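Colleague: Can you build the whole structure from these sequences, using the hints too?
Each protein sequence line maps, in turn, to chains P and Z. So for the first sequence, my numbering puts the first residue at 1; every next one is plus one. So for the second sequence, my numbering puts the first residue at 1001; every next one is plus one.
There could be a bad hint or two in this list.
Derived CB-CB ranges, DEER-like [as the list claims (entries may be wrong)]:
1) Z:Val-1049 / P:Arg-466: 23 to 29 Å
2) Z:Lys-1136 / P:Asp-495: 44 to 50 Å
3) Z:Ile-1158 / P:Val-389: 42 to 48 Å
4) Z:Lys-1172 / P:Gly-510: 30 to 36 Å
In silico DSBU-like cross-links for lysine-lysine, where the CA-CA straight-line distance does not exceed 35 Å [as the list claims (entries may be wrong)]:
5) P:Lys-348 / Z:Lys-1002
6) P:Lys-482 / Z:Lys-1280
7) P:Lys-463 / P:Lys-392
8) P:Lys-341 / Z:Lys-1136
9) P:Lys-341 / Z:Lys-1172
10) Z:Lys-1160 / P:Lys-346
11) Z:Lys-1112 / P:Lys-346
12) Z:Lys-1094 / P:Lys-482
13) Z:Lys-1248 / P:Lys-482
14) P:Lys-346 / Z:Lys-1115
15) Z:Lys-1241 / P:Lys-478
16) P:Lys-392 / P:Lys-447
Footprint (simulated), chain Z over chain P, 3 or more residues, beta carbon under 8 Å [what the hints assert, rightly or not]:
17) 345-354
18) 463-474
Hints in this document: simulated from the structure, not taken from any laboratory. All figures in this text were calculated on a predicted structure; none of them were measured in a lab. Quick reminder that beta carbons are idealized off the backbone N, C-alpha and C, glycines included.
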Amino acid sequence: MKIGVFICHCGENISSTVDCPRVADVCRTYTGVEYSVDYKYMCSDPGQNLIKDAIHKYNLDAIVVGSCSPHMHERTFRNAAVSAGINPFMVEIANLREHCSWVHDNIEAATRKAIELMRMAIEKVKRDKPLTKIKVPITKRVLVIGGGIAGIQAALDTANAGYEVVLVEKEPSIGGHMSQLSETFPTLDCSQCILTPRMVEVHQHPKIKLMTYSEVERVEGFIGNFKVTIKKKARHINEDKCSGCGMCITKCPIKKKAYNSFEEDLAFRPAVYVPFPQAIPNIPVIDETVCTYYKTGKCGMCVKVCDREAIDFGQKDTIHVADVGAIIVATGFKLYNIDKKSADSKYKGYGEYGYGKYRDVIDGLQFERIASASGPTSGEIKRPSDGRVPKKIAFIQCVGSRDDSKGISYCSKICCMYTAKQAMLYRHKVHDGEAYIFYMDIRAGGKMYEEFVRRAIEEDKVKYIRGRVSRIYEEDGKYIVKGEDTLAGMPVEIDADMVVLATAMIPQDGAESLARTIGIPYDKYGFFNEAHPKLRPVESTTAGVFLAGACQSPKDIPESVSMASAAASKAIILFANDTLEREPVVAKVNEDICAGCFYCMKVCPFGAVEVKDVKDINGIVYKEVAYINQGVCQGCGTCTATCLSKSIELAGFNNEEIFAEIAAL
Amino acid sequence: MKYGYFPGCSLTSSAKEYDISLRKVIDKLGISFDEINDWSCCGATSAHVTNHKLSTALAMRNIMLAEQQGLDNIIAPCAACYNRLIISQNEIGKHTGIRKETEDLLSVKFKKDVKVFNILELFLKSGLNKIIENRKRELSELKAACYYGCLLVRPAAITKFDDAEEPESMEKIVEATGADTVDWNYKTECCGAAHSIARRDIVVDLSKKIIDDAITHGANVMVVACPMCHTNLDMRQRAMKRKYPDHKEFPVLYLTELIGLSLGMDEKELGIDLHYTNFKYADTLLNNSAKG
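Modeller: In structure tokens:
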């Protein structure tokens, strides 16, 4: 074997503490080294040409580059080697910068260490074998989890690029939180008016398979080849027969037993219902928990009025399996329920604000429903307790957010804007009403956002008070909001008729268990983690799983939509090839000596180990061995180290190679 | 488990009845305790607003004495003492500089992690069942407004006990005595505290609001666990009456006095007669002691 050695000075980064020419000279004396040279910038074009020319001239089989970390330029040097006809895995990097020159100041000692590092790499490269990239086929279909605006956008973008989409939504209708909103900042256009056309488009799109009232149960496989199990919950309505006429809903005698969650519990709904009139699909759901039929076996009013015989009390949950190549997670958010008694177990709640105790102390989404033309008050601002028009509303920002003492440190980002909008809507609807907003800071970064807040203050005369609220209590039908005006340095008390709390955005229920099902990491709050906070914001660390919208962190509509389009394009980029190339640095089991203890299966962090039957000549299984799925294996080597019978080898880092390196030291 | 008892200055003077009732009640409930020998000022008010080093050293001196006496747990019934002790302990735990300075001043090395409890923690820890089992008197006609004031459960980051803004632990104890509690708004509002001396006008207004809110919400007695709060809410009612002629006398009890009543002790035994306001249910309740 003929080996070439290339020592880089990295400007002065290496050469200031390592005598590079001496290292090159010493390496030249080692057995197998045909050529050895040092150069100022090996990564530069002339540097790479030096490598390529040497490979041709000396007919080299392998090269060792003494340079910076392989994280930096391994790819560069491998590519140079490939263009000169050498297998990329016959290239070894000795890290003479981070591991040597940067951390030492004694030139003699550093030079000797550099020589040692080079000798190790040379011994390894002698035993390296050429490896070829693994090709994996791709199923060109996307699973989108969550049918809010982010999921809708991601589904439409992917489908419009010509790929099939399975859109799974756990609620009976798509639309998400955006369908509940009244008007949107900073333009004050009606949320439903801009959303519902998109919902209809999803419904009618030939490439999109819509699965509402469904949840993802299991995800197996790997990038390009996921197998997803979806549970479709029983609606107790035959979807093929139902025409969406709504007779069952109108005639259902159960009127006031269940809160309407779309109306944020400000209204009731019948036992059979669609969440809202523009629901997609417009097919009702029977709520077993309140329906008389499920309690007593009687009633059946809906059966009598349905002339299409669509009611099916016996309908069961069904399980569906879909093969997909990529997954876009867009499960969104919910609001922190600050009622101390029913607060999320992670958090303490705000008993001092009386939410849950006083009916007129409501959260932001409840106000959205009250302000919405389709809401329980038909858009008139009325108090939930007595239906009176409030003449004074106190809005409180940062309830839950930015408050370490209650468990959430982050800013929920959208509240400054939506509170300004809500105060503005209130002032537009109740001309003699007073709106007060308690705030910590106004964070109005975004196109036309600051202008919008100024408009609330200057044109709509919303009164902003900088300070926190310590307590809210009822006195003679008014809600006394006790707080502090930190600009005036005075305590303040507002006797409001209604209080609106901008409670924190937290991840949707079940986000953490879904993350575990899919195999993606999440932070301590339950928001899904992106692969890199700046450069890979829409990818999860699991290949082929992308993130969109508020499931990753609090986001407003434009940001969620941008992220959804970005996630969709990531999936489309993946689908641009018919097969997927993977690094061949994966573990392989020697089936002859594998004892079948499956310790490797227990330690593999990626679930890459499977059970394989070994059959004899007659096709009879005579033992079970471990099999490592090359598509899933990330080459971490944990199984290799764990294997008791030493029957697993990691390509590119096998025992012989590693021992040779150590022996050379 | 034995507690070191740190009475603090108030419990030997203006809040003598708090000390009297506390000793009687915990003795009855079988909670063993030793008074800390040679205890001194906790470093409250004048000390902690003028000299940080002195106030820390004063508080830590008492903890040091408990440690030397072989006590692992201290009860500090006065809310201000409790606050000074836990804050000083927290500071020397966090800042090695302050720790060294305090150790040098006291010529000791702190070894053990002595735990400081307030009065609420004491009763919750020792078990509310003990109170329930030893109940001798029916108190259900009492509608108590539990008043925490500012220091009893604060600062939340250090006390790590109850909810600083909407505490509920005193209600649990009061309910164990058989008395009823009311849901009211002013349980953590300021009573005016040490302004009682220089700015009585402020205290009269603030404390009056607290009493009025308790009455509005149906309370017929207020229960406190802080000598300062008691002074303002009880003693200042005369000044309230002068400023607000329609003010009606409202009884304010220490938590330990209420527990003592439920355990069958009488008004004099518990020092309730030392209050400025009359406990108007005393007669009916005392006659109503047939239960046990």
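Colleague: Taking the numbered hints from earlier one at a time, note which ones the structure violates and give those numbers from smallest to largest.
Modeller: none
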